[in-house]
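Working from the sequences, and respecting the hints, build out all of it.
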Amino acid sequence: MLNMFEVIETNNMIEHEKLDVRTITMGISLLDCCDSDLAALNEKIYNKITATARDLVSTGEAIARDFGVPIVNKRISVTPIALAGGCACKTPEDFVTIAKTLDKAAKEAGVNFLGGYSALVSKGMTKADENLIRSIPEALAVTERVCSSVNVGSTKTGLNMDAVNLMGQMIKATAEATKDQDSLGCAKLVVFCNAPDDNPFMAGAFHGVTEADAIINVGVSGPGVVKVALEQARGENFEVLCETIKKTAFKITRVGQLVAQEASRRLGIPFGIIDLSLAPTPAVGDSVAEILEEIGLERVGAPGTTAALAMLNDQVKKGGIMASSYVGGLSGAFIPVSEDQGMIDAVSMGALTLEKLEAMTCVCSVGLDMIAIPGSTSPSTLAGIIADEAAIGMINQKTTAVRLIPVIGKDVGDTVEFGGLLGYAPVMPVNSYSCEKFVSRGGRIPAPIHSFKN
Amino acid sequence: MNKIIITVVGKDTVGIIAKVCTYLAESQVNILDISQTIVQEFFNMMMIVDMEKSLKPFEQMSADLEKIGQDIGVRIKCQREEIFTKMHRI
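Protein chains in written order, with the working numbering: chain A, 1 to 454; chain B, 1 to 90.
Some hints could be false.
Stated by the list, open to error - Now the stretches of chain B that chain A is said to cover, found in silico as 3 or more residues with beta-carbon under 8 Å:
| hint | stretch |
| --- | --- |
| 1 | 42 to 49 |
| 2 | 52 to 63 |
| 3 | 67 to 81 |
| 4 | 84 to 90 |
What the hints assert, rightly or not - Think about it this way: if two alpha-carbon atoms lie no more than 20 Å apart in a straight line, the pair counts; the simulated EDC-like pairs of lysine to aspartate or glutamate are:
| hint | chain 1 | residue 1 | chain 2 | residue 2 |
| --- | --- | --- | --- | --- |
| 5 | B | Lys67 | A | Asp66 |
| 6 | B | Lys67 | A | Glu15 |
| 7 | B | Lys3 | B | Glu41 |
| 8 | A | Lys44 | A | Asp103 |
| 9 | A | Lys100 | A | Glu15 |
| 10 | B | Lys77 | A | Glu61 |
What the hints assert, rightly or not - With the Cβ distance kept under 8 Å, some of the chain B side facing chain A (calculated, not the full set):
| hint | residue |
| --- | --- |
| 11 | Ile5 |
| 12 | Glu26 |
| 13 | Asn30 |
| 14 | Ser35 |
| 15 | Thr37 |
Keep in mind that the hints were calculated from the coordinates and are not lab data.
Note that the structure is predicted; figures quoted are calculated from it, not measured.
Each residue gets a CB set at the ideal place from its N, CA and C atoms; glycine is no exception.
Here it is as structure tokens:
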């Protein structure tokens, strides 16, 4: 029988250490909505989403009440719209009508974000892919809850540098299109290499074509719980440290597994995966940076940061894997700047630079995330940063991503406020030397060799 | 069996257990186990109850007990047992 200390430990995690389930994300396939008539396509998409996700929010709330654990977000991911809409959409403007439909469906379902305004172009772009990509700036400006992602490369196919170059331009155009809101549109746009089909986290969630008609994916969280557990292991050696992280990750993930199974049962939709990522929020005590500092760094960004993060990420996975029947998605510590108070502080005091963040992304998911940079940054520099990050993913057979916000009208020294879970960020400096000639060569970077690893 | 864990946390005062138990008895909820302790003058109690024959649904019992807790100045929380067993039992 349960004892009191176990019950108190769990409730302390929830009440004082910010343990929560970050998101229940329902993946919905839109492949059966295809229609060559744009109006009919929009209607089918709206009906499919609102019918499938009708009980998502109420079920999430009921589960949270029954177990006494907060479920912060209820979200939806859909089939990449370049695939679902390609039949009817002949221009970027046609795709924008679908973005509006998705936004309306998200509001009707009561979810705060809907992901999947996406194109998968790791090797080449169809006309529909290109039209969708070119529609992203307007689509993100005229909608509130739609999230967009583009996969520009993979370990198997190499990097599509035409798409990388285009995405540099589109990020800049999205920043311009939403400059009245501190370029907020860019916070809803992710560029991936090796994008997973079952990621429940925004803004990069989409429902891959390898997935079932509908699926429940769950993202857990709990940086605060890991941090508090590590406070008990101060001064101990790495063996004790790693054991502590593993045990804590196990407990956190079990909560996610329970919630996922309940949601799947109550909604009558199969359970997909648990995403083991440690996802921070701007709240104090809910920070991945604070964990790294508890491990022994004066500030995130100090020498040793990459090693500490590599160890943390690996131990979280080792603990989490045993707690869940199916693990997927991104599954790694997130290091967004604006969504993590410890990261914000480290950037503000000059301890953490863009280059160090890039090094950190080699050993954890998911990439350069929620980083505000000067609005004057050129599209080719943005493309260069995307290419660097995608190359890390391609060579290391891992998912990497870029979510940069070139804030129009702001420069290094300014701060940008995005609000809510998106937090705030100091504008970080970017290397000012040009890569224009490199990124505008056109074509592809070939897939890497899978032997002679060095 | 439909096991629920009820936790009570707050400043120690006369009659906390009596009030909760009276409510549970009236609702036909069977108490399987009670443990309590005082930590730094704070009253901590955990009850494992079976709601199988309960006259009230979980949502109502949860809300009623929360209200009783507010009246006597303690926090009462009802949670289904699985969140604890999943976390602490392999």
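Quiz item: Where does the structure disagree with the numbered hints, that is, which hint numbers, in rising order?
Solution: 7, 9, 12, 13
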